[in-house]
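Visitor: Chain residues, written in single-letter form:
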Amino acid sequence: MKKEPRAKMTAAAKNEARWAWAFVLPTILGLIILNFYPAIDTVIQSFQKTGDFGMGNKWVGLENYKNVLGAGETWQSLLNTIKYAIIEVPFGVCIALVLAVFLNKKLKGTSAFRTIFFLPMVCAPAAVAMVWKWLYNQQFGLLNNLFKTNIAWISDPNLAWISIGVIGVWSVIGYNMVLFISGLQEIPGDYYEAAAIDGATGVKQFFKITVPLLSPTTFFIVQTRLIGALTVFDLMFMVMDKTNIALQKTQSIVYLFYDYAFTKSNKGYGAAIVMVLVAFIMVVTFIMQRAEKKLVFYN
Amino acid sequence: MESARTRARVSKLTMYVILIIFSIIMLVPFVWMILTALKTNQEAISVDPFYILPAHGWHWENFAEVWRSYNFIILYKNTLLMILFRVICACLTATMAGYAFGRLRFPGKKFLFSLVLIQMMIPSQIFIIPQYLMVSKLGLLNTISGLVFPGIVTAFGTYLLKTGYQGLPKDLEEAAAIDGCNIGQRFLRIMMPLTRSSMVSLGIFTALFAFKDLMWPMIVCTKAETTTLAAGLAKMQGQYGSNYPTMMASAVLALVPMIVIYVIFQKQFVEGIATSGGKL
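Read top to bottom, the protein sequences are chains A and B.
Residue numbers are given in numbering that gives the first Met the number 0: position 24 of the first sequence equals residue 23, and the series is strictly consecutive.
Residue numbers are given in numbering that gives the first Met the number 0: position 141 of the second sequence equals residue 140, and the series is strictly consecutive.
So that you can see chain A by itself, here it is in the shape it has in the complex (with noise of 0.2 Å):
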């Protein structure tokens, strides 16, 4: 506002002002109304005791931060949301990377696979759940009739964390591979062949070429994948029943959230995990954004 004071403004960029202003004006206003007071609400909110129906809420200070951080369940579900992280971002990332490398090569075929790949992003998250569960049912699903085991795959809190993982990773594969394919395209063929004239191979050449100057790319997906592994909750939702004992084990963060805020509709105590939640993630935001400097090579 400083630069342009409104004196100085010539008929023109006036016009303009205003027509800038008339377009922008939706977004500003709901992002105002959908986003900005609702976060401020929530904060609020945080202090407060749910009432009755929405009504008089009542301020509390810290008392609802009090109970959820001296929950163990909070920590104990931070932990199943980092547990989860930990398989789905690196395995759908390398996974990803190895097959956009492959398909990059133009074999034939390379278009049926990409589709293939693909399909799960197309899919919801709901269904597919469902569809995992009953492959991993233990009495009569696919894969313990396939391999003549009896895993307890989602009831055993010991494993259940890493079969939901699987769920997580095999859901993301097809869209990580899709990026790093479109950022591939923009490495020069050049560095390949000046690389193949000294005689380095294809693993050298993935080592030394690809993986350094798709650093950005990688970087990104790293990023996104995180925040978003940091906020599942589908998953976790449709493929733990109530009464499994291994729910303890995988439920996220975001699904101790609905579950205070929606099924026992104890807002405040819900609007505090909520907070709980970002503070995590901007923590975990900074270090990436720390890390991006040491890591990632820009041209």
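Simulated from the structure, these hints should not be mistaken for lab results.
There could be a bad hint or two in this list.
Derived pair list, reagent style PhoX-like, types lysine-lysine, alpha-carbon separation capped at 20 Å [what the hints assert, rightly or not]:
#1 K266/B <-> K105/A
#2 K11/B <-> K107/A
#3 K48/A <-> K65/A
#4 K203/A <-> K11/B
#5 K222/B <-> K234/B
#6 K13/A <-> K109/B
#7 K104/A <-> K266/B
#8 K222/B <-> K211/B
#9 K293/A <-> K82/A
#10 K76/B <-> K234/B
#11 K234/B <-> K241/A
#12 K211/B <-> K234/B
#13 K207/A <-> K293/A
#14 K263/A <-> K241/A
#15 K263/A <-> K108/B
#16 K76/B <-> K222/B
#17 K13/A <-> K108/B
#18 K207/A <-> K104/A
#19 K107/A <-> K266/B
#20 K263/A <-> K57/A
#21 K263/A <-> K65/A
#22 K105/A <-> K11/B
#23 K104/A <-> K203/A
#24 K263/A <-> K234/B
#25 K211/B <-> K76/B
#26 K104/A <-> K222/B
#27 K136/B <-> K266/B
Over 12 Å on every C-beta distance to chain A, these chain B residues come out as not near it, computed from the model [claimed, not checked]:
#28 E64
#29 I73
#30 T162
#31 Q165
#32 R188
#33 T225
Just a few of them, taken from the derived set where beta-carbon distance is under 10 Å, the chain A residues facing chain B [stated by the list, open to error]:
#34 A10
#35 A12
#36 N14
#37 C93
#38 V97
#39 L98
#40 K107
Computed from a predicted structure; not experimentally measured.
Each residue gets a CB set at the ideal place from its N, CA and C atoms; glycine is no exception.
On the provided structure of chain A, position chain B as indicated by the hints.
Guide: Using the frame of chain A, we list chain B on its own:
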């Protein structure tokens, strides 16, 4: 020379083997879903003998039964309308704001655009409780408007379209300005049509996001006849949890339309995701 050629052939073969193994892993859940949907429950849960294919004919009537008992027409209609309105709203508001942020000069631009960027950085869970309370106060629970509500504007789309508009050459607009077009005409007739690919990306992203979302429809549309496919499935699982063919038939019905659309418009889908890179 000979050994180099052999090596190239071996590495090609290795790549194919890995690609095929992963293709099978990707496809097995879909195949098993369809096969189970065509069995009787007796066949689905019979381990000994272990039926891979439906042993006593293909039970297409499972689909008809789910279709009737869960009123899939209404679920399709709700999902479609939610997607349609969200796509229209998002494209309309984002293209206008994107044009202003990308091409026009006005006081307050930096500050207003920083609002857009901040919204993109905050986890969306922080908006949900107050958004729900607003929808509830407006009396929009269990309505299409309630489903559309959080998607009326889009910070991500604004950012995407702004980038699209910034990439356009300057002289086009200048020529139009000399011809006496005002800003509105320049936007509508010249600039907007040129950002069609960004708009398509945003449209696909918005549609997929809305289609896949589970929590919001579960919160605002609690009745079976007002909800979407994703949230409808969650309801069905609670009710028919142990009738596996029924569950798989409903999963097939929920997934097939989007898969068909994807197979037809594959290029647009893949490009849309690659260019937008939005978090789905």
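Visitor: Could you run down the list of hints and mark each one as holding or not?
Guide: Going through the hints against the structure:
1. Between K266/B and K105/A, the direct Cα distance comes to roughly 17 Å. Compliance with the 20 Å bound is thereby established for this hinted pair.
2. Pair hint K11/B plus K107/A holds up; C-alpha atoms about 10 Å apart against a cutoff of 20 Å.
3. Distance restraint check for K48/A and K65/A: the Cα-Cα separation of roughly 13 Å lies within the 20 Å cut-off, and the hinted pair is therefore satisfied.
4. The suggested pairing of K203/A with K11/B holds, with an alpha-carbon distance near 16 Å, which does not exceed 20 Å.
5. At roughly 9 Å between alpha-carbon atoms, K222/B and K234/B fall within 20 Å of each other, so this suggested pair holds.
6. Under the criterion of a C-alpha separation no larger than 20 Å, the hint pairing K13/A with K109/B is consistent with the structure, at around 17 Å.
7. Between K104/A and K266/B the alpha-carbon distance is near 19 Å, which keeps this suggested pair within the 20 Å criterion.
8. For the proposed pair K222/B and K211/B, the alpha carbon gap of about 19 Å is at most 20 Å, so the pair holds.
9. Annotation: proposed proximity of K293/A to K82/A is violated, straight-line Cα distance about 25 Å (limit 20 Å).
10. Between K76/B and K234/B the CA atoms are separated by roughly 17 Å; this keeps the pair inside 20 Å, and the hint holds.
11. Between K234/B and K241/A the alpha-carbon distance is near 14 Å, which keeps this suggested pair within the 20 Å criterion.
12. Taking the CA atoms of K211/B and K234/B, the gap is about 15 Å. The hint holds against a cut of 20 Å.
13. With a CA separation close to 17 Å, the supplied pair K207/A and K293/A stays within the 20 Å bound.
14. Taken as a hint, the K263/A and K241/A pair is honoured in the structure, with Cα atoms around 14 Å apart against an allowance of 20 Å.
15. Between K263/A and K108/B the alpha-carbon distance is near 43 Å, which puts this suggested pair outside the 20 Å criterion.
16. Restraint check: the Cα-Cα separation between K76/B and K222/B comes to about 15 Å, which is no more than 20 Å; the hinted pair holds.
17. As the CA atoms of K13/A and K108/B are separated by approximately 14 Å, the hinted pair is consistent with the 20 Å bound.
18. Restraint check for K207/A and K104/A: the C-alpha separation of about 17 Å stays at or below 20 Å, so the hint holds.
19. Taking the CA atoms of K107/A and K266/B, the gap is near 18 Å; set against the 20 Å cutoff, the hint holds.
20. For the suggested pair K263/A and K57/A, the alpha carbons sit about 18 Å apart, so the restraint of at most 20 Å is met.
21. For the hint linking K263/A to K65/A, the alpha-carbon distance of about 18 Å falls within 20 Å, and the restraint holds.
22. At roughly 11 Å between alpha-carbon atoms, K105/A and K11/B fall within 20 Å of each other, so this suggested pair holds.
23. Pair hint K104/A plus K203/A holds up; C-alpha atoms about 16 Å apart against a cutoff of 20 Å.
24. With a C-alpha separation of about 18 Å, the suggested pair K263/A and K234/B falls inside the 20 Å cut-off, and the hint holds.
25. In summary, the hint linking K211/B to K76/B is supported, as the alpha carbons are separated by about 15 Å, within the 20 Å threshold.
26. Pair hint K104/A plus K222/B does not hold up; C-alpha atoms about 50 Å apart against a cutoff of 20 Å.
27. Note on K136/B and K266/B: the hinted pairing is violated, with a Cα-Cα distance of about 42 Å set against a maximum of 20 Å.
28. With a least CB separation of 17 Å from chain A, E64/B remains clear of the 12 Å interface cut-off, as annotated.
29. The Cβ of I73/B sits about 17 Å from the closest Cβ of chain A, beyond the 12 Å cut-off, so the non-interface label holds.
30. Every C-beta of chain A lies more than 12 Å from that of T162/B, the closest at about 14 Å, which supports listing it as non-interface.
31. Even its closest Cβ contact with chain A, about 14 Å, leaves Q165/B beyond 12 Å, as expected for a residue assigned away from the interface.
32. The non-interface label for R188/B is consistent with chain A: the shortest C-beta to C-beta separation is roughly 14 Å, beyond 12 Å.
33. Every Cβ of chain A is farther than 12 Å from the Cβ of T225/B; the closest lies at roughly 16 Å, confirming the non-interface assignment.
34. For the restraint placing A10/A at the interface with chain B, the shortest Cβ-Cβ distance is roughly 13 Å, beyond the 10 Å limit, so the hint is violated.
35. Because the smallest distance between the Cβ of A12/A and any Cβ of chain B comes to about 7 Å, under 10 Å, the interface hint for this residue holds.
36. About 7 Å separates the beta-carbon of N14/A from the nearest beta-carbon of chain B, less than 10 Å, and the hint is met.
37. A distance limit of 10 Å between C-beta atoms decides the matter here; for C93/A the minimum to chain B is near 12 Å, and the interface restraint is violated.
38. Of the supplied interface hints, the one on V97/A holds, with its beta-carbon coming within about 7 Å of a beta-carbon of chain B, less than 10 Å.
39. Below 10 Å, beta-carbon pairs count as interface contacts, and L98/A has one with chain B at about 6 Å; its hint therefore holds.
40. Given the 10 Å rule on beta carbons, the hint for K107/A holds: about 9 Å separates it from the nearest Cβ of chain B.
Checked against the numbered hints above, the structure breaks hints 9, 15, 26, 27, 34, 37 and satisfies the rest.
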